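Asks: As a plain string of letters, each chain reads:
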Amino acid sequence: MKFSLRDLNVWFGSVHALTDVTMDIPANEILGVIGPANSGKSTFLRTLNRLNELKPNFRMTGDVRLSGADINKTDVDLLRKKVGMVFALPLPLPLSVFDNVAYGPKMHGVRTKKRQKEIVERALKEAYLWDEVKDRLDTPASKLSGGQQQRLCMARTLAVEPEVILFDEPCSGLDPISTAKIEDTMLRLKANYTLVLVTNNVHQASRVADKTAFFLSGRLIELDDTDKIFTAPSDKRTEDYIGGRFG
Amino acid sequence: MRRLKEFVLQKIVLLCGVASILFVALIFLFLVKEGLNVFKAVSPSHFLLGRSWYPISEPAQFGILPLILGSLLVTAGATVISVAIGVACAVYIAEVARPAVRETLKVGIELLAAIPSIVLGFIGMVTLVPWVKKIFHLPTGLTALSGSIMLAFMAMPTIVSIAEDALHAVPRSYKEGAYALGATRWQTIHRVILRAASPGIAAAVMLGIGRVIGETMAVMMITGNAAVIPHGILQPVRTLTATIAGEMGEAAVGSEHYYALFAIGTLLFVISFGINVTADLLLHKRRS
Amino acid sequence: MRNPRRTEKIAFFFLFLATALIVLPVGLIVVSIVRKGLPAISWQFLTDIPREGMRGGGILPAIVGTLYLVLGAIVFALPIGLFAAIYLSEYAKDNVLTRIIKLAIVNLAGVPSVVYGLFGLALFVVFFRFGASILSGSLTLGIMVLPIIITASREALESVPQAFREVSLSLGASKWQTIRHVVLPNGISGILTGTILGLGRAAGETAPILFTVAAFYHPQLPRSIFDQAMALPYHLYVISTQVPNVGDKMRYGTALVLLGLVLIMNSVALVVRFRFRKRHRW
Numbered sequence: 001m002k003f004s005l006r007d008l009n010v011w012f013g014s015v016h017a018l019t020d021v022t023m024d025i026p027a028n029e030i031l032g033v034i035g036p037a038n039s040g041k042s043t044f045l046r047t048l049n050r051l052n053e054l055k056p057n058f059r060m061t062g063d064v065r066l067s068g069a070d071i072n073k074t075d076v077d078l079l080r081k082k083v084g085m086v087f088a089l090p091l092p093l094p095l096s097v098f099d100n101v102a103y104g105p106k107m108h109g110v111r112t113k114k115r116q117k118e119i120v121e122r123a124l125k126e127a128y129l130w131d132e133v134k135d136r137l138d139t140p141a142s143k144l145s146g147g148q149q150q151r152l153c154m155a156r157t158l159a160v161e162p163e164v165i166l167f168d169e170p171c172s173g174l175d176p177i178s179t180a181k182i183e184d185t186m187l188r189l190k191a192n193y194t195l196v197l198v199t200n201n202v203h204q205a206s207r208v209a210d211k212t213a214f215f216l217s218g219r220l221i222e223l224d225d226t227d228k229i230f231t232a233p234s235d236k237r238t239e240d241y242i243g244g245r246f247g
Numbered sequence: 248m249r250r251l252k253e254f255v256l257q258k259i260v261l262l263c264g265v266a267s268i269l270f271v272a273l274i275f276l277f278l279v280k281e282g283l284n285v286f287k288a289v290s291p292s293h294f295l296l297g298r299s300w301y302p303i304s305e306p307a308q309f310g311i312l313p314l315i316l317g318s319l320l321v322t323a324g325a326t327v328i329s330v331a332i333g334v335a336c337a338v339y340i341a342e343v344a345r346p347a348v349r350e351t352l353k354v355g356i357e358l359l360a361a362i363p364s365i366v367l368g369f370i371g372m373v374t375l376v377p378w379v380k381k382i383f384h385l386p387t388g389l390t391a392l393s394g395s396i397m398l399a400f401m402a403m404p405t406i407v408s409i410a411e412d413a414l415h416a417v418p419r420s421y422k423e424g425a426y427a428l429g430a431t432r433w434q435t436i437h438r439v440i441l442r443a444a445s446p447g448i449a450a451a452v453m454l455g456i457g458r459v460i461g462e463t464m465a466v467m468m469i470t471g472n473a474a475v476i477p478h479g480i481l482q483p484v485r486t487l488t489a490t491i492a493g494e495m496g497e498a499a500v501g502s503e504h505y506y507a508l509f510a511i512g513t514l515l516f517v518i519s520f521g522i523n524v525t526a527d528l529l530l531h532k533r534r535s
Numbered sequence: 536m537r538n539p540r541r542t543e544k545i546a547f548f549f550l551f552l553a554t555a556l557i558v559l560p561v562g563l564i565v566v567s568i569v570r571k572g573l574p575a576i577s578w579q580f581l582t583d584i585p586r587e588g589m590r591g592g593g594i595l596p597a598i599v600g601t602l603y604l605v606l607g608a609i610v611f612a613l614p615i616g617l618f619a620a621i622y623l624s625e626y627a628k629d630n631v632l633t634r635i636i637k638l639a640i641v642n643l644a645g646v647p648s649v650v651y652g653l654f655g656l657a658l659f660v661v662f663f664r665f666g667a668s669i670l671s672g673s674l675t676l677g678i679m680v681l682p683i684i685i686t687a688s689r690e691a692l693e694s695v696p697q698a699f700r701e702v703s704l705s706l707g708a709s710k711w712q713t714i715r716h717v718v719l720p721n722g723i724s725g726i727l728t729g730t731i732l733g734l735g736r737a738a739g740e741t742a743p744i745l746f747t748v749a750a751f752y753h754p755q756l757p758r759s760i761f762d763q764a765m766a767l768p769y770h771l772y773v774i775s776t777q778v779p780n781v782g783d784k785m786r787y788g789t790a791l792v793l794l795g796l797v798l799i800m801n802s803v804a805l806v807v808r809f810r811f812r813k814r815h816r817w
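Chains as they are written, first to last, in my numbering: chain A, 1 to 247; chain B, 248 to 535; chain C, 536 to 817.
Only chain A is shown next, with the shape it has when bound in the complex (with noise of 0.2 Å):
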């Protein structure tokens, strides 16, 4: 198991936003979330990377460990650089393509331009760009299109060399074209990273994911494998929910 989480329950100021979760992410596969708005599903990734914490009025309980290590006990910096993050919207840093990918091995350390290069070359390969973006580096981020932008970010998260790589919504901002491209790389991924994709798009998790789960009100109410849910839920609010009849 990557992460095993223990009754998580999550707190903003008065707001219970997560309700005694227990789950387990298994390595190298795709876990898809789904859930309409507000059901804690953004919340729930949030919490694996410890990003929650930035809010001011942030609590929680329970135990989270990623591959058996208690998060919290953790050094966060090195968390969450075995737990990467891709964005809603596409979010380059105000700099170059090469800088935004170099930023994280930077930060880690990596001081020789050629270090740098030879991670840079590899991350943005692994995210399918290299191809697209070689011959404009130095141009800014801001530049290229946006689902070039998204899969700069997904290069971005890859060149600090992760174990996890945590999506919320990673293509909500794009085109169809766009999608398939980062799904098809999400898809190629898998063999070296645990993926947690929080989606709104159900059919996208039908696509990609290995299991799937379904929040609703800040619960966990189902997880299971990805055709079973879709095909044969077991709790009527998972049916309800994947048949559109409500969020």
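Treat the hints as calculated values from the structure; they're not laboratory data. All figures in this text were calculated on a predicted structure; none of them were measured in a lab. Ideal placement from N, C-alpha and C gives every residue a C-beta, glycine not left out. Any given hint could be a false lead.
Claimed, not checked - With beta-carbon atoms standing in for the labels, derived distance ranges:
| # | chain 1 | residue 1 | chain 2 | residue 2 | range |
| --- | --- | --- | --- | --- | --- |
| 1 | A | Pro56 | C | Leu573 | 55 to 61 Å |
| 2 | B | Gly496 | C | Gly562 | 32 to 38 Å |
| 3 | C | Gln697 | B | Val524 | 29 to 35 Å |
| 4 | C | Leu573 | A | Arg136 | 47 to 53 Å |
| 5 | B | Glu253 | A | Arg59 | 19 to 25 Å |
| 6 | B | Leu262 | A | Arg59 | 45 to 51 Å |
| 7 | C | Ile576 | A | Lys117 | 52 to 58 Å |
| 8 | B | Phe254 | C | Gly666 | 34 to 40 Å |
| 9 | B | Glu253 | C | Gly562 | 27 to 33 Å |
| 10 | C | Trp578 | A | Arg111 | 49 to 55 Å |
| 11 | A | Arg59 | B | Lys532 | 28 to 34 Å |
Keeping the supplied structure of chain A fixed, place chains B and C upon it in accordance with the hints.
Replies: Just chains B and C now, with coordinates in the frame of chain A:
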């Protein structure tokens, strides 16, 4: 190693954040420390209410009532002028002027804010003072009125910019609601927008007054500096600030005169503290 | 019945009149200083010491003194101000301490300039025994411009999108690395703008330097930070009120140099703000 660096930097940053509190405390402490000494020579009531300020005669007299009244007179005059004109200007910029005109006017106001007070004082001295003398047939143009006009002018950037912010913060829906009821723009402005923005405008006025009370050089150059109880706005007056600026150069460190000037400084500090806290509360109220 | 349209026209006319009453004099003041001061500006005026009891010669010591003071003030105030802004924008929690710090900054901004002068006199000149010196004056001016720098820098840092911080942190960068490599570079224009505005303010103030540094007449360039120095605003005060029979040319010339210095700083601040705003769109 990285942990340690983070920790040290965090503490340094915290220290600099707290420095502001330290400086305010230091200012207050040093003003009070020196200023309290004056009460060895004169009782607090004689100091605040004494009618004569003769700091270098024998025996010296340290009554600052004339100075307080001088400051109040000049400030009151400046407030009347600046509130009327300043708020009107803010309304014009925020609600009436076309965008291109608005930007030009704002540059003008910012320009005024940038001109050093000594330069304005100099210009006031060579233009405003002779005018006042001529128009009112006075023996001297160095009067409270000249000071009021000058200070009103200098308070404008503060009043206009903060009042304009307050006007801008009025929700659009208020305006649209008024228009929907068939109100003209002017009716909307003076019945709806001005009322909704009133706490912010009050804060603007308070901060303007704070600026006026604290202004030193220009006032010293054009109000005549006579330390007598004023009987009208067309007489020379001396303000609290001008007294400090004008006399500290001659007061020996550690003399009663020196301590008296620090006591005046303490009074000014307390006044500005009160004004700023009140204005801050008003601005806060608007936000929440 | 009153006609609301006509009332509106009259009202708007008066609003316009009020605006003109403020903006027109500003224009006139600047124009008249430039017109009457320009004839005084010459190489000699800018590079010579004052002569003939300050009725002739130049104003070099005052220019240099002001530059030193401004530089000293910024060397002191920029690091503290910037770090304070970083604290407020990146570290501070919504608690009592933060509220007090913010209130202190508001008050620091409102303290009358002459009170800063008294404070500088009591603390730096007398208590620390720095004497009337560039050091005392710089420190006093530095504390005075601190709130300007903090407020502007804080606004600049807070305008950097939160998402950038999240991206940097999510890559395993530490908090300080995030501030250093993402937040600061993207807030630099606002910080620069605030700093330059603070410089302009420091250059133009007279009251805080009256008893902490300013020399009535000191016709040489300062040699160390413990020297007294002349300064442009004080020099203008002296030749317009303390010395009889100084020609208009000298006075307007000095006023123009001071105004020019301050306005140049303000324009630079404007340009910086504008250029960075154009470059950074997010």
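Asks: Each hint should be assessed against the structure and marked as holding or not.
Replies: Going down the list of hints, with the structure as the test:
At about 56 Å, the beta-carbon gap between Pro56/A and Leu573/C stays in the expected band of 55 to 61 Å. Between Gly496/B and Gly562/C the CB atoms are about 35 Å apart, so this pair conforms to the stated range of 32 to 38 Å. Between Gln697/C and Val524/B, the C-beta spacing of about 31 Å keeps the proposed range 29 to 35 Å intact. Judged by the Cβ atoms, the range 47 to 53 Å given for Leu573/C and Arg136/A holds: they are separated by roughly 51 Å.
Checked against the hint of 19 to 25 Å, the pair Glu253/B and Arg59/A passes, with Cβ atoms roughly 23 Å apart. At about 29 Å, the beta-carbon gap between Leu262/B and Arg59/A misses the expected band of 45 to 51 Å. Range check, Ile576/C to Lys117/A: Cβ separation about 55 Å, and the 52 to 58 Å hint holds. About 39 Å separates the C-beta atoms of Phe254/B and Gly666/C, a value consistent with the hinted range of 34 to 40 Å.
Here the CB-CB span from Glu253/B to Gly562/C is close to 52 Å, at odds with the stated 27 to 33 Å. Evaluation of the 49 to 55 Å hint for Trp578/C and Arg111/A yields a pass: the beta carbon distance comes to about 51 Å. Restraint check, Arg59/A to Lys532/B: a C-beta distance of roughly 30 Å satisfies the suggested window 28 to 34 Å.
Of the numbered hints given earlier, the model fails hints 6 and 9; all others are met.
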